[in-house]
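S.K.: One-letter residues, chain by chain:
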Amino acid sequence: MSMFVGMNTSASALTANRLRLDTIAANVANANTTRATQVDGVWQPYRRKMVELSPKASGQSFDNLLQGAIGMISGGSEQGVRVTAIREDNTPFKRVFDPTDPDADAEGYVLKPNVDMMKEMVDLISASRAYEANVTILNGAKSMMMKALEIK
Amino acid sequence: MLVNNHLGILERSLDAAMLRQRTIANNMANIDTPHFKSKQVVFEDLLQQEISGSSSRNLAAYRTNARHIPFGNSGITSVPRIVSNPDGIVQNSGNDVDMEFEMNEYAKNIIWYGGLTQLTAGYFTKLRSVIEGGGK
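Chains as they are written, first to last, in my numbering: chain A, 1 to 152; chain B, 1 to 136.
These are calculated hints, taken from the structure and not from any lab test. Quantities reported herein were computed from a predicted structural model and do not represent experimental measurements. Just to be clear, a hint being listed does not mean it is correct.
Dumping the calculated DSSO-like pairs for lysine-lysine here, alpha-carbon to alpha-carbon at most 30 Å [said to hold, decoys possible]: (1) B:K39 to A:K147; (2) B:K108 to A:K119; (3) A:K49 to A:K112; (4) A:K49 to A:K119; (5) B:K126 to A:K152; (6) B:K108 to A:K49; (7) B:K126 to B:K108; (8) B:K37 to B:K126; (9) A:K142 to B:K108; (10) A:K152 to A:K142; (11) B:K108 to B:K39; (12) A:K119 to A:K94; (13) A:K142 to B:K39; (14) A:K119 to B:K126; (15) A:K147 to B:K108; (16) A:K94 to A:K112; (17) A:K49 to B:K126; (18) B:K108 to A:K94; (19) A:K94 to A:K147; (20) B:K37 to A:K152.
What follows is a set of in silico ranges between Cβ atoms, one per label pair, in the way DEER data are often shown [as the list claims (entries may be wrong)]: (21) B:N92 to A:L149: 39 to 45 Å; (22) A:R35 to B:N92: 33 to 39 Å; (23) B:D15 to A:Q38: 57 to 63 Å; (24) A:D89 to B:E44: 44 to 50 Å; (25) B:M99 to A:K142: 19 to 25 Å; (26) B:E44 to A:V83: 47 to 53 Å; (27) A:L65 to B:L119: 47 to 53 Å; (28) B:T125 to A:R18: 53 to 59 Å; (29) B:Q91 to A:M117: 20 to 26 Å; (30) B:P34 to A:M117: 21 to 27 Å; (31) B:I69 to A:L149: 30 to 36 Å; (32) A:R18 to B:E44: 21 to 27 Å.
Built from N, CA and C at the ideal position, the CB exists for glycine as well.
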């Protein structure tokens, strides 16, 4: 419904940022997990996950293109953001010398996950700030609609 | 008198304010989306041109349906436009959403919308007063 497009837009951003926070939580929780997947009978450490965002396109229909060309996006065109994929970070694992570790290889080295705590913390703050900002915008849309109802 | 230009201007200003709210919501939703370009709503300048009559010599065209293509530059057709600057880059990811700017626009827009609703409500109050014959 076109009346609530603004609120749906903010809601999509809240969903996306919640998923980012969940992904960061999974990364931090598995920062030391050395047995995540088994490849050819050998345990591989956890790989850092990342969220891929893209604008929620309203489709390339004639109507939307025409509306865009004349500078209007009123009507029912969907907006917002969506998560297109959860990608794995392909940077190499950390190789740590620790012969006492149960997962150490013959030379005494252990592969540790490629999770960087610093990066995760920066992402965490970025995602939670984005979440807060979108809550503010959502509340604004709500108060505008309540004001519109006061016209009588 | 009942549907004069005054109410029309208020109505379209309310529409523009709501459209601006949606545009800001969309910009803020995509604050971390790579290659996203922010959009802005232009309306008040267009309305000013229309009110000052600088476009009154042009061909007049009235829209009776929102789906009609606006044409001419006449009295009642000035609609809010959405513009974007494809060259601006603020972040490294090619995204140009400026959070401080958007929040400022957002705060202004809320107050502006509140004022417009009060004006509209006042318009109807006056109208009702006239219909009821003023002070009885």
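S.K.: Against each hint, give a clear statement of whether it holds in the structure.
M.R.: Against the structure, the hints:
no.: 1; hint: B:K39 to A:K147; in the structure: holds (25 Å)
no.: 2; hint: B:K108 to A:K119; in the structure: violated (35 Å)
no.: 3; hint: A:K49 to A:K112; in the structure: holds (15 Å)
no.: 4; hint: A:K49 to A:K119; in the structure: holds (12 Å)
no.: 5; hint: B:K126 to A:K152; in the structure: holds (11 Å)
no.: 6; hint: B:K108 to A:K49; in the structure: violated (39 Å)
no.: 7; hint: B:K126 to B:K108; in the structure: holds (27 Å)
no.: 8; hint: B:K37 to B:K126; in the structure: violated (44 Å)
no.: 9; hint: A:K142 to B:K108; in the structure: holds (15 Å)
no.: 10; hint: A:K152 to A:K142; in the structure: holds (18 Å)
no.: 11; hint: B:K108 to B:K39; in the structure: holds (16 Å)
no.: 12; hint: A:K119 to A:K94; in the structure: holds (15 Å)
no.: 13; hint: A:K142 to B:K39; in the structure: holds (21 Å)
no.: 14; hint: A:K119 to B:K126; in the structure: violated (60 Å)
no.: 15; hint: A:K147 to B:K108; in the structure: holds (15 Å)
no.: 16; hint: A:K94 to A:K112; in the structure: holds (5 Å)
no.: 17; hint: A:K49 to B:K126; in the structure: violated (61 Å)
no.: 18; hint: B:K108 to A:K94; in the structure: violated (50 Å)
no.: 19; hint: A:K94 to A:K147; in the structure: violated (56 Å)
no.: 20; hint: B:K37 to A:K152; in the structure: violated (39 Å)
no.: 21; hint: B:N92 to A:L149: 39 to 45 Å; in the structure: holds (43 Å)
no.: 22; hint: A:R35 to B:N92: 33 to 39 Å; in the structure: holds (35 Å)
no.: 23; hint: B:D15 to A:Q38: 57 to 63 Å; in the structure: holds (59 Å)
no.: 24; hint: A:D89 to B:E44: 44 to 50 Å; in the structure: holds (46 Å)
no.: 25; hint: B:M99 to A:K142: 19 to 25 Å; in the structure: holds (20 Å)
no.: 26; hint: B:E44 to A:V83: 47 to 53 Å; in the structure: violated (36 Å)
no.: 27; hint: A:L65 to B:L119: 47 to 53 Å; in the structure: violated (36 Å)
no.: 28; hint: B:T125 to A:R18: 53 to 59 Å; in the structure: violated (44 Å)
no.: 29; hint: B:Q91 to A:M117: 20 to 26 Å; in the structure: holds (23 Å)
no.: 30; hint: B:P34 to A:M117: 21 to 27 Å; in the structure: holds (24 Å)
no.: 31; hint: B:I69 to A:L149: 30 to 36 Å; in the structure: holds (32 Å)
no.: 32; hint: A:R18 to B:E44: 21 to 27 Å; in the structure: violated (36 Å)
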